[in-house]
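Taken in order, these protein sequences are the chains called Z and S. Counting from 1, one number per residue, gives the positions in the first sequence under the numbering used here. Counting from 1, one number per residue, gives the positions in the second sequence under the numbering used here.
These are calculated hints, taken from the structure and not from any lab test. Possibly wrong hints are sitting among the right ones.
Said to hold, decoys possible - These stretches of chain Z come out as covered by chain S in the derived footprint (C-beta under 8 Å, 3 or more residues):
1) 28-39
2) 47-53
3) 258-264
4) 288-299
5) 497-503
To be verified - The following label-pair restraints were derived from C-beta to C-beta distances:
6) P384/Z / D157/S: 44 to 52 Å
7) R124/S / S73/Z: 40 to 48 Å
8) V499/Z / N142/S: 53 to 61 Å
9) I416/Z / E169/S: 41 to 49 Å
10) K491/Z / T46/S: 54 to 62 Å
11) G287/Z / V6/S: 22 to 30 Å
12) S122/Z / D137/S: 56 to 64 Å
Ideal placement from N, C-alpha and C gives every residue a C-beta, glycine not left out.
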Amino acid sequence: MVVKGIIKKGEYYDSVTLMLVARDATALDGVKDAAVVMGTEQNKSILETSGLLLDMFKDASDSDLLIAVKAESEEAANKAFEKIEQLLKETRSKAKEAGEYMPKSLEGALEYMPDANMVIISVAGKYAGDEAMKALEHGLHVMLFSDNVPLNKEIELKKYARDNGLLVMGPDCGTAIINGAPLCFANVVERGNIGIVAASGTGLQEVSSVITNEGAGISQAIGTGGRDVKKDVGGIMFIEGMKALEEDPDTKYIVLVSKPPHPDVLKKIADLIKSEIKKPVVGIFLGGDPEVVKGAGAIPANTLEEAGLIAASLAKGKSLDEFKKLLEEREKEILAIADRESKNKKEGQKYVRGLYTGGTLCDEAMLLSRQIIGEVYGNAPLNPEYKLKDSWISQENTFVDLGEDEFTVGRPHPMIDFTLRNKKIIEEAKDPSVAVILLDVVLGYGSNMKPGEELSPAIKEAREIAEKDGRNITFVASITGTDKDPQDRSKVKKQLEDVGVIVMPSNAAAAKLSSYIVKNLGGAK
Amino acid sequence: MSLSLVLKVNSVGDQVRFGGKHSHFGYCEIHSVFNNAVNFYIKRDTILSLVTRSVGGGPNNIVIDVDSLSFVKSIYMDKSKIVLNDSFICDIESSLQYNSDLFIVSKDLELFKKGLGKFEDILRKKAPALSAAFLIDKRRLNFFITPFEKNLAYSLDLFSNEVLDGKLESVSRLKGLGFGLTPQGDDILDGFMIALLVYEKLTGANTGDIRKKIFNLSRGSNIISDTFLYYASLGLLYERVKTLVLSLFLNDPVIIENAVSKLLNIGETSGADISTGFLLMSKKLMQGGIKWL
């Protein structure tokens, strides 16, 4: 084992930067531990306890930055230093760029780019509403990434936008694709003639990816934020989004994606489909009654994948029977894999643990699993009686949404930072009752750039833990994304398959497979 | 020198003495530059801070009416003005003075306890993952992953509890522990002293000597941290801390939540670390007074 160090004078960084830089270095191959801390006596004592204290650090002062790395070889340690230097340099240059090029106000931004007609706002929720109103008053469409915007402010903004022919996407809108440009968390999809209105971020990502993977494309994808379809907001932007797509000459088919809207809002949507929308509409309201959609003349879908497949079939001029056939074949395949995987389990292994990064994907998985294995536990379960007492500790069949506030406050979203999920994977593998670990992997801009590389070591370690105990755990995953995403869907699929993960074509298929395995093993309620 | 723009100064801290203690003519040495704050030396042993509106007032803060200060490359000052980058004049003479003393009208301990309960709930929910808030919610230890981080968390837990149990010599072991310019240990100590001050204001018990002891035991060579701790030992508070303390007596969850949110915006984890220290010490004092000291 090699321990190496560097001292830097006069460099100051915030604490989270230092912790994350050290953590990134620790994640490198051959690196056992790393620390980047100010040279206080107390930090030196922690370095000593951690086996990271070097003689050269002993005279360092409180204002010196100490970088220490423990690695299996000199080469690995040097690589870690290179990584740390690079990350710290990036932090400095980001700060510099921010100082020199970034406009400090909306007015400044408009001077810099006078032709802009849309603004993305990501500031603290209580200020975001005022910024959004300012943008609307300048005649700009708004994508409001911020959450925690007061409800009355959201209503005020959306009414103003509606009355002035503008869109307000959000608050808490993480995804949109406008004129082919993916915004915030979005996938690189083909351009085409299918328009989407969605009150669900990962739902939009899953549907738009399925459409692209089926060879069709997206004209516009408008996010509204989840609260839009609740009673108070009344679906103002969902309705305006539908009208915008109806008027858009590039859009020939419309897909609606949401968790069940409030009945009043659903009625408004249905009325609009009947009265004003002339283009074919496909609707997926997860957990809602498909008959309402059907009654309005739209085509109901049962899963996000199904919504994408129907829309792609329409766009490609195919018969809808073809996708039904495909799903029937898929069902048979799922049952066959479930049979195979149920046979290699040790007695007592009978539960599934779903570790999700996408909220809507987690909801969809719970809805489908409930039909096969009954109620499942979770931190945001469908049935409140099945809420975990402690979100960190799973019980029986559990689906955890790691994107919930309790896991994300002050740290990157789990779609970006896999640390927590990797830790959970290893913990779940220690539980002798676990038969299946179910994962979603969401690609695209904004998400983790190396999901295959970062998930694989944790899956390998989890497998080893189980194998030592004579158990075999089935890993099932779905990948939301396309081959054009910066991460490349096919590449990620291969990386996961190389460590034995069964990668299913959709979240719905992955959830069903996991549930059938559990059912075969007697883990259903 | 070409002077072209005047920046409004919203407030100058009551411990900033232009022309007096802080007389300085010429360029100042900059200690560190962040988006919302620029720390600079007056002589070698005193630090003043230029801060943005979002940071707010403080005993040694000069609040400039701008969104960001990351552009600052040079600071020139004389007895009536500060000039940034040889171009931007900060008009000190017409600014208001920030008063860093704490006045608490209510002496209602029950109301304070109730406010603390609400404060704790918000802190558990909103504190950043890598802050010291694991001291009030052990499940947060899950956020500490590498061996170094785990050892750090263990030491923070051990030494802060030793100080809370009256072992004042552990102050020097807690000071300097952690990442960043003001390590977690320093911020926890800051929170401890603020809690002692509030207790003094509420009960009349003298905690000034203990605060002074804590400061003396914690002094090191980190001038930024020492400055914060020095002012806390004197009972002089920064605006966001003061706002939080006063909100606890208002029995209004929304006001408390807003005050906590503002405080949590200090640094990456500093606000949460100060809050954790304040909460732990306040609870200790509410349970058993200052007899342990």
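Tested hints:
1. Evaluation of the coverage hint for the stretch 28-39 of chain Z: fulfilled, as 7 residues show C-beta separations to chain S shorter than 8 Å, against a requirement of three.
2. With a cut-off of 8 Å between beta carbons, the stretch 47-53 of chain Z has 4 residues touching chain S; three or more are needed, and the interface restraint holds.
3. Chain S is given as covering the stretch 258-264 of chain Z, and this is violated because 0 residues of the stretch bring a CB closer than 8 Å to a CB of that chain, at least three being needed.
4. Interface restraint, the stretch 288-299 of chain Z with chain S: violated (0 residues with C-beta to C-beta distance below 8 Å; minimum three).
5. Here's how the stretch 497-503 of chain Z fares: 0 of its residues keep a CB closer than 8 Å to some CB of chain S, so the rule of at least three is not met and the hint is violated.
6. The given range of 44 to 52 Å is broken by P384/Z and D157/S, whose C-beta atoms sit roughly 34 Å from each other.
7. At about 42 Å, the beta-carbon gap between R124/S and S73/Z stays in the expected band of 40 to 48 Å.
8. Restraint check, V499/Z to N142/S: a C-beta distance of roughly 24 Å breaks the suggested window 53 to 61 Å.
9. Checked against the given bound of 41 to 49 Å, the beta carbons of I416/Z and E169/S, roughly 43 Å apart, stay inside it.
10. Between K491/Z and T46/S the Cβ separation comes to about 56 Å, which falls inside the hinted range of 54 to 62 Å.
11. Here the CB-CB span from G287/Z to V6/S is close to 59 Å, at odds with the stated 22 to 30 Å.
12. S122/Z and D137/S have their C-beta atoms about 28 Å apart, which leaves the hinted 56 to 64 Å range violated.
Figure legend: structure checked against the earlier numbered hints; hints not met, in rising order: 3, 4, 5, 6, 8, 11, 12.
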